[in-house]
Amino acid sequence: VYIRPDLTGISFMAFDRAADAVDKGEVAARAQIDELRAFASDAATWSAFKARHHRRPAGELHVDEVRIDNSSRLSEATVGSLLNLPGNQPFEQKGISAAVMRLKSMECFGMIRERFERADGRGVLTLSTPPRPGSRGSLQVGLALLGDTQGSQEFNLIFRHQLLGLNRHAGEVQTILQLGQSMRASVEYYQPIDTALRWFVAPSVEGSRRNRQLWADGKAVSDYRMRHDQVTVAAGRVFGSWGEVRLGAYTGNESETRTMGTVSPAEGDEARGGFLARFSVDTLDHAVFPRHGTFVNLSFDQSSSTLRADTDYQRAVLTADHSFSWGPNTLQPRIMIGANLDTGVSLANSFTLGGMGRLSGLGWDELIGEDAGVAGLVYYRRMAHLDIAALQIRMFVGGTVEAGNVYDSGDPITVDSLRISSSVFVGGDTPIGPVFLGWGLSEGGRDRFYFMLGQRF
Numbered sequence: 021v022y023i024r025p026d027l028t029g030i031s032f033m034a035f036d037r038a039a040d041a042v043d044k045g046e047v048a049a050r051a052q053i054d055e056l057r058a059f060a061s062d063a064a065t066w067s068a069f070k071a072r073h074h075r076r077p078a079g080e081l082h083v084d085e086v087r088i089d090n091s092s093r094l095s096e097a098t099v100g101s102l103l104n105l106p107g108n109q110p111f112e113q114k115g116i117s118a119a120v121m122r123l124k125s126m127e128c129f130g131m132i133r134e135r136f137e138r139a140d141g142r143g144v145l146t147l148s149t150p151p152r153p154g155s156r157g158s159l160q161v162g163l164a165l166l167g168d169t170q171g172s173q174e175f176n177l178i179f180r181h182q183l184l185g186l187n188r189h190a191g192e193v194q195t196i197l198q199l200g201q202s203m204r205a206s207v208e209y210y211q212p213i214d215t216a217l218r219w220f221v222a223p224s225v226e227g228s229r230r231n232r233q234l235w236a237d238g239k240a241v242s243d244y245r246m247r248h249d250q251v252t253v254a255a256g257r258v259f260g261s262w263g264e265v266r267l268g269a270y271t272g273n274e275s276e277t278r279t280m281g282t283v284s285p286a287e288g289d290e291a292r293g294g295f296l297a298r299f300s301v302d303t304l305d306h307a308v309f310p311r312h313g314t315f316v317n318l319s320f321d322q323s324s325s326t327l328r329a330d331t332d333y334q335r336a337v338l339t340a341d342h343s344f345s346w347g348p349n350t351l352q353p354r355i356m357i358g359a360n361l362d363t364g365v366s367l368a369n370s371f372t373l374g375g376m377g378r379l380s381g382l383g384w385d386e387l388i389g390e391d392a393g394v395a396g397l398v399y400y401r402r403m404a405h406l407d408i409a410a411l412q413i414r415m416f417v418g419g420t421v422e423a424g425n426v427y428d429s430g431d432p433i434t435v436d437s438l439r440i441s442s443s444v445f446v447g448g449d450t451p452i453g454p455v456f457l458g459w460g461l462s463e464g465g466r467d468r469f470y471f472m473l474g475q476r477f
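Everything in the sequence shown is counted per our numbering, starting at 21 for the first residue and increasing by one.
If you are wondering where the hints come from, they were derived from the structure by calculation, not from laboratory data. Quick caveat: nothing in here was measured; it's all calculated off a predicted structure. Even for Gly, the Cβ is constructed at its ideal location relative to N, Cα and C. Be aware that a few hints might be false.
[As the list claims (entries may be wrong)] Okay, derived cross-link-like pairs now, SDA-like style, lysine to any residue, Cα gap no bigger than 20 Å in a straight line:
| # | residue 1 | residue 2 |
| --- | --- | --- |
| 1 | K239 | L461 |
| 2 | K124 | T146 |
| 3 | K114 | G143 |
| 4 | K70 | F59 |
| 5 | K124 | H189 |
| 6 | K114 | E134 |
| 7 | K124 | G191 |
[Claimed, not checked] Per label pair, the in silico range of CB-to-CB distance:
| # | residue 1 | residue 2 | range |
| --- | --- | --- | --- |
| 8 | D289 | D362 | 17 to 23 Å |
| 9 | V253 | E174 | 27 to 33 Å |
| 10 | S228 | S31 | 43 to 49 Å |
| 11 | V446 | A236 | 30 to 36 Å |
| 12 | P451 | S125 | 19 to 25 Å |
| 13 | R37 | E174 | 37 to 43 Å |
| 14 | R142 | R24 | 40 to 46 Å |
Make a model of the complete structure from these sequences and hints.
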């Protein structure tokens with residue numbers, strides 16, 4: 021029986037009209053109900069079929085025992101802690117699926133299978149956790165283009181490699197290499213030290229070379245080449261799937277070399293070392309254009325001559341935003357506050373503002389000071405959404421309102437001292453990474469167009 025629904029006006033890309041297509045299919049099928057009845061079974065055959073395939077509702081099943089058939093590189097105790105499925109519980113598919121997803125997120129397993137059966141009158145749930153097929157490594161490549169229409173441009177090629185499941189407690193090594201105007205190389209060894217993967221140690225080494233401009237009266241007057249090298253030893257604790265705290269110590273070097281212009285500060289080298297504390301929360305549903313969730317990062321650095329620092333200082337930074345949505349609309353309040361708690365701040369330790377979303381309309385990092393703060397409200401509306409297997413494209417249009425400034429020691433922080441900016445933008449989350457085009461306007465009539473393309477790790 022050939023059934024052809026009338027799908028006039030509904031293209032194969034019209035996912036928002038799926039319900040209309042279903043209705044049209046039902047209408048077309050019912051129009052040929054007489055031809056379809058030839059395929060119907062009689063009542064006796066149907067009753068016999070149902071009797072052969074009868075299953076008890078899941079709500080009536082009881083899990084007396086949970087067994088783990090583990091052949092992965094992780095220990096059975098670690099797998100059991102991640103699953104967190106106690107025995108002697110009613111069978112609940114939602115909870116089992118959530119536990120399996122926790123394992124999948126580790127990217128250390130192949131196809132995880134679950135099987136429920138009754139043995140000797142007891143309900144036994146068995147989960148098979150095979151090793152990840154092929155290599156334990158994961159390589160991602162990103163292109164990052166950042167700039168505006170007034171001459172500021174930066175292009176970088178970024179590689180991130182993760183070596184996963186190094187040992188029974190899911191140790192991993194992450195290596196990042198960035199080539200372009202900003203050079204960066206970093207390696208971090210992340211090692212959980214308990215079976216529940218809550219406590220960890222994370223030694224790391226990194227080095228970077230980047231360009232930085234100094235501005236005066238709305239014009240770039242000097243270019244610097246910034247060099248940063250650092251070794252860090254940290255330890256911490258993970259809180260569920262939402263947060264982390266870590267404490268550590270670091271030592272390294274900072275240097276600034278002027279490549280163009282004559283405006284201060286002068287060139288210099290500085291030995292750095294000290295202690296750090298970080299607390300972070302991340303429940304965002306997407307890294308780019310999130311629809312729901314919260315992000316918080318609170319950090320405190322204590323520079324100390326005990327770890328060969330040339331200057332003792334204290335520095336604190338708070339970054340936070342929250343996204344909530346209704347329909348296709350999202351509203352995101354955000355804030356950044358940075359404070360040097362001591363005077364005599366170097367160029368490397370200063371704070372900057374300027375650029376899209378950070379006082380839009382100004383140049384990238386145009387404002388520089390010992391302290392900084394900016395608050396903003398971001399609104400965007402989803403205009404299109406395509407999600408087919410691994411292909412996902414989301415397009416948005418929106419705008420921002422921002423207020424903030426940078427300050428030096430002793431500067432009064434008043435409402436009148438705040439700079440007001442705003443912007444409008446179109447952007448998307450695409451297979452090649454985030455794509456963004458925006459126009460920013462700052463008080464005094466300063467404005468510029470911004471564009472960003474590509475992944476950043």
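Each hint tested on the structure:
| no. | hint | in the structure |
| --- | --- | --- |
| 1 | K239 x L461 | holds, 16 Å |
| 2 | K124 x T146 | holds, 16 Å |
| 3 | K114 x G143 | holds, 17 Å |
| 4 | K70 x F59 | holds, 17 Å |
| 5 | K124 x H189 | holds, 15 Å |
| 6 | K114 x E134 | holds, 13 Å |
| 7 | K124 x G191 | holds, 16 Å |
| 8 | D289 x D362: 17 to 23 Å | holds, 19 Å |
| 9 | V253 x E174: 27 to 33 Å | holds, 31 Å |
| 10 | S228 x S31: 43 to 49 Å | holds, 47 Å |
| 11 | V446 x A236: 30 to 36 Å | holds, 33 Å |
| 12 | P451 x S125: 19 to 25 Å | holds, 21 Å |
| 13 | R37 x E174: 37 to 43 Å | holds, 42 Å |
| 14 | R142 x R24: 40 to 46 Å | violated, 52 Å |
Checked against the numbered hints above, the structure breaks only hint 14 and satisfies the rest.
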